[in-house]
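Enquirer: Spelled out from the first residue to the last, the chains are:
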Amino acid sequence: MSMVKDMFFSVRTSLWLIGAQLALMLAGAVQMPAMPQYEGMNDGALLLWMREMPIAVTWWLWASIVVLGMLTVNTLCCSYESVMRKRQGKNLVLVLAPQVVHVGFLFMLLGHLVSALGAAHWKGVIREGQGVGLADGSMLVIERVDVAMSEMGYAEDFAASVRFERDGAIIKSKDIAPNQPAFMGGTGAYIKDARPGMALIEISREPGTPWAFIGAALFTLGTIALFAAKIARDR
Amino acid sequence: MTPSVIAFICYLFGLAWRPLVVIGFLVQAGYLGYRGVSLGRLPLVGVHDTLSFLAASVVGFALVVHWARRQPSGFFMGTAGQAAFFTAFALMQKPHAMPLPPVLKTYWFELHVALSFFSYALFGIAAVLGAIYLINRDLESEKLQYKVIFTGYSMFSLSMVFGGVWAHLAWGTYWLWTPKELWTVLLWLFYSYYLHARLEPRWMGARAAWVGVIGYVVVLFTYLGVGMLMKSSHAF
Numbered sequence: 563m564s565m566v567k568d569m570f571f572s573v574r575t576s577l578w579l580i581g582a583q584l585a586l587m588l589a590g591a592v593q594m595p596a597m598p599q600y601e602g603m604n605d606g607a608l609l610l611w612m613r614e615m616p617i618a619v620t621w622w623l624w625a626s627i628v629v630l631g632m633l634t635v636n637t638l639c640c641s642y643e644s645v646m647r648k649r650q651g652k653n654l655v656l657v658l659a660p661q662v663v664h665v666g667f668l669f670m671l672l673g674h675l676v677s678a679l680g681a682a683h684w685k686g687v688i689r690e691g692q693g694v695g696l697a698d699g700s701m702l703v704i705e706r707v708d709v710a711m712s713e714m715g716y717a718e719d720f721a722a723s724v725r726f727e728r729d730g731a732i733i734k735s736k737d738i739a740p741n742q743p744a745f746m747g748g749t750g751a752y753i754k755d756a757r758p759g760m761a762l763i764e765i766s767r768e769p770g771t772p773w774a775f776i777g778a779a780l781f782t783l784g785t786i787a788l789f790a791a792k793i794a795r796d797r
Numbered sequence: 002m003t004p005s006v007i008a009f010i011c012y013l014f015g016l017a018w019r020p021l022v023v024i025g026f027l028v029q030a031g032y033l034g035y036r037g038v039s040l041g042r043l044p045l046v047g048v049h050d051t052l053s054f055l056a057a058s059v060v061g062f063a064l065v066v067h068w069a070r071r072q073p074s075g076f077f078m079g080t081a082g083q084a085a086f087f088t089a090f091a092l093m094q095k096p097h098a099m100p101l102p103p104v105l106k107t108y109w110f111e112l113h114v115a116l117s118f119f120s121y122a123l124f125g126i127a128a129v130l131g132a133i134y135l136i137n138r139d140l141e142s143e144k145l146q147y148k149v150i151f152t153g154y155s156m157f158s159l160s161m162v163f164g165g166v167w168a169h170l171a172w173g174t175y176w177l178w179t180p181k182e183l184w185t186v187l188l189w190l191f192y193s194y195y196l197h198a199r200l201e202p203r204w205m206g207a208r209a210a211w212v213g214v215i216g217y218v219v220v221l222f223t224y225l226g227v228g229m230l231m232k233s234s235h236a237f
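Here the protein sequences line up with chains A and B, keeping their order.
Count along the first sequence from 1, then add 562; that gives the number in my numbering.
Count along the second sequence from 1, then add 1; that gives the number in my numbering.
Among the hints, erroneous ones may be present.
[Unchecked claim] Partial pick of chain B residues on the chain A-facing surface, computed with a CB cut under 8 angstroms:
id, residue
1, 21
2, 24
3, 139
4, 162
5, 177
6, 178
7, 180
8, 193
9, 202
10, 231
[Unchecked claim] Reference listing, derived: stretches of chain B covered by chain A, where coverage requires no fewer than 3 residues with Cβ under 8 angstroms from a Cβ of chain A:
id, segment
11, 105-118
12, 121-127
13, 169-176
[To be verified] Computed list of lysine-lysine pairs in PhoX-like fashion (alpha-carbon distance at most 20 angstroms, straight line):
id, chain 1, residue 1, chain 2, residue 2
14, A, 754, A, 652
15, A, 736, A, 685
16, B, 148, A, 792
17, A, 792, A, 648
18, A, 736, A, 754
19, B, 144, A, 754
20, A, 792, B, 144
21, A, 754, A, 685
No wet-lab data here; the hints were simulated from the structure.
Quick reminder that beta carbons are idealized off the backbone N, C-alpha and C, glycines included.
Can you build the whole structure from these sequences, using the hints too?
Expert: Rendered as structure tokens:
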């Protein structure tokens, strides 16, 4: 029991686990371009895709879940031990900032896990006046598509006016453009391309996004604080 | 392309006479500034622009490092040498002149790419510092390598955050399983490993220096290898 406890309260364990995760990602990076089975990987919830695919395709992803699970426990243990050991020190920022970074990392892992369980994507061409049903029972309707076509025949710029409606009543109206989607009840509507009178729309659901962004904010905050504290200390 | 030729010659001969490195940097930075003003955006699309940006970033940051702590001649051989190589490679590529697709017309894209290349440049400088330590056993070079890697890692992490925000706004997901993204995480994990390993006293010195040098091979593969050898929606 003591050996297990020592293992999780150790930076050497962190190194072994990060090293293991590196090796797994490298295996995946070599395998992915070589196997066409990976083409559907981004179409929806990752864990559902993993369950449908043969183990020869997904083994490094399943192994990554195990390694990252252990790394999560190791991170929490090491962070706790570090704060307890150094809390009497003078520079509290140097003590806490790395742990804020770690917590941010763990929130990003949580975001990936939540999205892996519940993400959904749909893409299709919708004409002006037509709509598509959403998972929550509402409907996205394209009211108008504006396109600036180049001389070479591709869309230089485009936007669409859309409305969300339920049972015939309008819930929300918005103009969408590249990098300016509309969100409704956890679902995003994105315009990917357009031609006069029609638009290529993607409906996307990524439930892990809030957790990932909280994690990203904490990671960034902790990194900046640690950077500043190290500069101040070295002066 | 003439400014790039001048910059290349300055970097190459700057290996023998250091002031030429500064002149080369000023010429290349001026060229990139001119391209940026004429394009109405940062010149960060395509192999020519990104290689030129990387070359200028390597030299720019190298000058800052040299100003902070005087470096031996080997430092400029390593950094100006990298810049000469990247600039030569850029000269073989056509500058991107097509209008930007609408999805790239956002500050998130520019921040993401600029920070990525700043961090690549810092990892390149760190590799040179690691090599200097391995040759001279100058401990100050190894300590400086750590500081440069930490700075590069911070910028790289921020570039990944901005990339995720942009992807969420552009493509409906903050993460896509593509070769580029996978290798980006690999690179990030590699330097995470370095930073955690260096907390252990037995890692300070040659071991850390080697990891810092090898990391740059991973950087170059992530930037150039993936883009040129693999199909990915995440182009240069």
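Enquirer: Indicate, hint by hint, whether the structure satisfies it.
Expert: Evaluation of the provided hints:
1. For residue 21/B, the suggested interface contact is broken, since its CB lies about 32 angstroms from the closest CB of chain A, more than 8 angstroms.
2. About 31 angstroms separates the beta-carbon of residue 24/B from the nearest beta-carbon of chain A, more than 8 angstroms, and the hint is not met.
3. Given the 8 angstroms rule on beta carbons, the hint for residue 139/B is violated: about 18 angstroms separates it from the nearest Cβ of chain A.
4. The criterion of a C-beta within 8 angstroms of any C-beta in chain A is met by residue 162/B, whose closest approach is roughly 4 angstroms, and the hint holds.
5. At its closest, the beta carbon of residue 177/B sits 5 angstroms from a beta carbon of chain A; the interface hint therefore holds under the 8 angstroms criterion.
6. Interface restraint check: residue 178/B against chain A, minimum CB-CB distance 5 angstroms, threshold 8 angstroms, status holds.
7. Checking residue 180/B against chain A by beta carbon gives a least distance of about 6 angstroms; that is within 8 angstroms, so the hint holds.
8. At a threshold of 8 angstroms, the smallest CB-CB gap from residue 193/B to chain A is about 6 angstroms, leaving the interface hint in force.
9. At its closest, the beta carbon of residue 202/B sits 11 angstroms from a beta carbon of chain A; the interface hint therefore is violated under the 8 angstroms criterion.
10. A cut of 8 angstroms between beta carbons decides the hint on residue 231/B: the least distance to chain A is about 5 angstroms, and the hint holds.
11. Look at the segment 105-118 of chain B against chain A: 3 of its residues bring a Cβ nearer than 8 angstroms to a Cβ of that chain, three or more, so the hint holds.
12. Proximity of the segment 121-127 of chain B to chain A, defined as three or more residues with a beta carbon under 8 angstroms from a beta carbon of that chain, is not established by the 0 residues found.
13. Beta-carbon proximity to chain A at under 8 angstroms applies to 8 residues in the segment 169-176 of chain B; the threshold of 3 is reached and the given coverage holds.
14. Between residue 754/A and residue 652/A the CA atoms are separated by roughly 53 angstroms; this puts the pair beyond 20 angstroms, and the hint is violated.
15. For a cut-off of 20 angstroms, the pair hint linking residue 736/A to residue 685/A stands: about 19 angstroms separates their Cα positions.
16. Only pairs whose Cα atoms come within 20 angstroms are accepted, and residue 148/B paired with residue 792/A is accepted, the gap being roughly 9 angstroms.
17. The suggested pairing of residue 792/A with residue 648/A holds, with an alpha-carbon distance near 16 angstroms, which does not exceed 20 angstroms.
18. Using a Cα cut-off of 20 angstroms, the hinted pair residue 736/A and residue 754/A holds, with the two alpha carbons roughly 16 angstroms apart.
19. For the suggested pair residue 144/B and residue 754/A, the alpha carbons sit about 47 angstroms apart, so the restraint of at most 20 angstroms is broken.
20. A threshold of 20 angstroms between alpha carbons decides the hint, and for residue 792/A with residue 144/B the separation of about 13 angstroms falls inside it, so the pair holds.
21. With a C-alpha separation of about 9 angstroms, the suggested pair residue 754/A and residue 685/A falls inside the 20 angstroms cut-off, and the hint holds.
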